[in-house]
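Knowing the structure of chain A, use the given hints to seat chain B on it.
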Amino acid sequence: DVKVTQSSRYLVKRTGEKVFLECVQDMDHENMFWYRQDPGLGLRLIYFSYDVKMKEKGDIPEGYSVSREKKERFSLILESASTNQTSMYLCASSSGIYTEAFFGQGTRLTVV
Amino acid sequence: DAKTTQPPSMDCAEGRAANLPCNHSTISGNEYVYWYRQIHSQGPQYIIHGLKNNETNEMASLIITEDRKSSTLILPHATLRDTAVYYCIVRVRDNFNKFYFGSGTKLNVKP
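Here the protein sequences line up with chains A and B, keeping their order. Counting along the first sequence from 1, when you hit position 37 you're at 48 in the numbering used here, and nothing is skipped either side. Counting along the second sequence from 1, when you hit position 69 you're at 108 in the numbering used here, and nothing is skipped either side.
In short, the hints are calculated from the structure, not lab data. Keep in mind that the hints are not guaranteed to be accurate.
[Stated by the list, open to error] For lysine-lysine, the following DSS-like pairs were computed, each having C-alpha atoms within a straight-line distance of at most 30 Å:
id: 1; chain 1: A; residue 1: Lys14; chain 2: B; residue 2: Lys108
id: 2; chain 1: A; residue 1: Lys66; chain 2: B; residue 2: Lys42
id: 3; chain 1: A; residue 1: Lys82; chain 2: A; residue 2: Lys64
id: 4; chain 1: A; residue 1: Lys29; chain 2: A; residue 2: Lys82
id: 5; chain 1: A; residue 1: Lys68; chain 2: A; residue 2: Lys14
id: 6; chain 1: A; residue 1: Lys68; chain 2: B; residue 2: Lys149
id: 7; chain 1: A; residue 1: Lys64; chain 2: A; residue 2: Lys24
id: 8; chain 1: B; residue 1: Lys145; chain 2: B; residue 2: Lys108
id: 9; chain 1: B; residue 1: Lys91; chain 2: A; residue 2: Lys14
id: 10; chain 1: A; residue 1: Lys81; chain 2: A; residue 2: Lys14
id: 11; chain 1: B; residue 1: Lys42; chain 2: B; residue 2: Lys91
id: 12; chain 1: A; residue 1: Lys66; chain 2: A; residue 2: Lys24
[Said to hold, decoys possible] For each label pair, taking beta carbons as the anchor points, the in silico distance ranges come out as:
id: 13; chain 1: B; residue 1: His116; chain 2: A; residue 2: Leu22; range: 21 to 31 Å
id: 14; chain 1: B; residue 1: Gln84; chain 2: A; residue 2: Ser76; range: 41 to 51 Å
id: 15; chain 1: A; residue 1: Lys29; chain 2: B; residue 2: Met98; range: 38 to 48 Å
id: 16; chain 1: A; residue 1: Lys68; chain 2: B; residue 2: Glu97; range: 34 to 44 Å
id: 17; chain 1: B; residue 1: Asn58; chain 2: A; residue 2: Asp49; range: 22 to 32 Å
id: 18; chain 1: B; residue 1: Glu53; chain 2: A; residue 2: Ser91; range: 47 to 57 Å
id: 19; chain 1: A; residue 1: Pro50; chain 2: B; residue 2: Lys42; range: 11 to 21 Å
id: 20; chain 1: A; residue 1: Lys68; chain 2: B; residue 2: Thr65; range: 37 to 47 Å
id: 21; chain 1: B; residue 1: Arg55; chain 2: A; residue 2: Lys64; range: 48 to 58 Å
id: 22; chain 1: A; residue 1: Thr97; chain 2: B; residue 2: Ser48; range: 38 to 48 Å
id: 23; chain 1: B; residue 1: Thr44; chain 2: A; residue 2: Ser18; range: 32 to 42 Å
id: 24; chain 1: B; residue 1: Pro150; chain 2: A; residue 2: Pro50; range: 25 to 35 Å
Please read these numbers as outputs of a predicted model, since none were measured by experiment. Backbone N, C-alpha and C define an ideal beta-carbon position, used for all residues, glycine too.
If we strip away everything but chain A, and leave its shape as in the complex, we get:
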């Protein structure tokens, strides 16, 4: 089975902190994604990557950056956390453009 693992289930951070969310997949997938999920808004794509060191902005990249130094790992960085970034963050991976995505268990981030 595909396994997508996010480093933390719950995080509490202070406003202005730099926050790192880590995601690792074990199926050699080329594509990796970061979404955030908020009530009434569904899942919104923040960034995605289709290869090592390659990244593309999604629908809501402002306030975020990403890093993909190795194929299996995709990191989401909140440069200066703000309260409006309190959300559930979901990482996903897929083996190609034309396939389904597999999701991690999610990280619930609270910024206070």
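Using the frame of chain A, we list chain B on its own:
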């Protein structure tokens, strides 16, 4: 991507088949129907997808009407662990960054 309409909630008795409907009347020819579910506080789990033929895997069956304007996800023998929010999504298969999950259907499996 086509908009989908799902009932907000459904109940099902444990051991019975759960039939979850989805309307996607504006679906276009190259849009696939995907189903995911999300158990409380976990990430979405892929279930099944299809274009126009009915599909079956170890988890569920997907029935798509001939005009493709609606579909039904069938869990043949629902268990308590199938209690979750089920999302029906239609998307162009080459638009891999666009997964809009919407509100979904909360399936309550009862003993």
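Pairwise hint evaluation, lysine 14 of chain A against lysine 81 of chain A, where the allowed Cα distance is 30 Å at most: holds, 16 Å
30 Å limit on alpha-carbon distance, applied to hinted pair lysine 42 of chain B and lysine 91 of chain B: holds, 17 Å
Given pair status - lysine 64 of chain A, lysine 82 of chain A, alpha carbons within 30 Å: Distance of about 9 Å is within 30 Å: holds.
Verdict for lysine 68 of chain A, threonine 65 of chain B (Cβ pair) under range 37 to 47 Å: The hinted range 37 to 47 Å is violated for lysine 68 of chain A and threonine 65 of chain B, with Cβ atoms some 27 Å apart.
Range hint 47 to 57 Å (beta carbons of glutamate 53 of chain B and serine 91 of chain A) holds or violated: Given a distance of about 49 Å, which is inside 47 to 57 Å, the answer is holds.
11 to 21 Å as the expected CB spacing between lysine 42 of chain B and proline 50 of chain A, which holds or is violated: Holds, at about 19 Å.
Range hint 22 to 32 Å (beta carbons of asparagine 58 of chain B and aspartate 49 of chain A) holds or violated: The hint (22 to 32 Å, Cβ to Cβ) holds, given that asparagine 58 of chain B and aspartate 49 of chain A are roughly 29 Å apart.
Restraint check for lysine 91 of chain B with lysine 14 of chain A, where alpha carbons must lie at most 30 Å apart: holds, 29 Å
Hinted pair lysine 145 of chain B and lysine 108 of chain B, Cα distance within 30 Å: It holds: about 21 Å lies between the C-alpha atoms, which stays within 30 Å.
Pairwise beta carbon distance, threonine 44 of chain B to serine 18 of chain A, judged against the given window 32 to 42 Å: holds, 37 Å
Range hint 38 to 48 Å (beta carbons of lysine 29 of chain A and methionine 98 of chain B) holds or violated: holds, 40 Å
Restraint status (C-alpha distance of lysine 64 of chain A to lysine 24 of chain A at most 30 Å): Holds, because 27 Å separates the two Cα atoms, which is no more than 30 Å.
In this structure, the earlier hints numbered 1, 6, 13, 14, 20 and 22 are contradicted, and the remaining ones agree with it.
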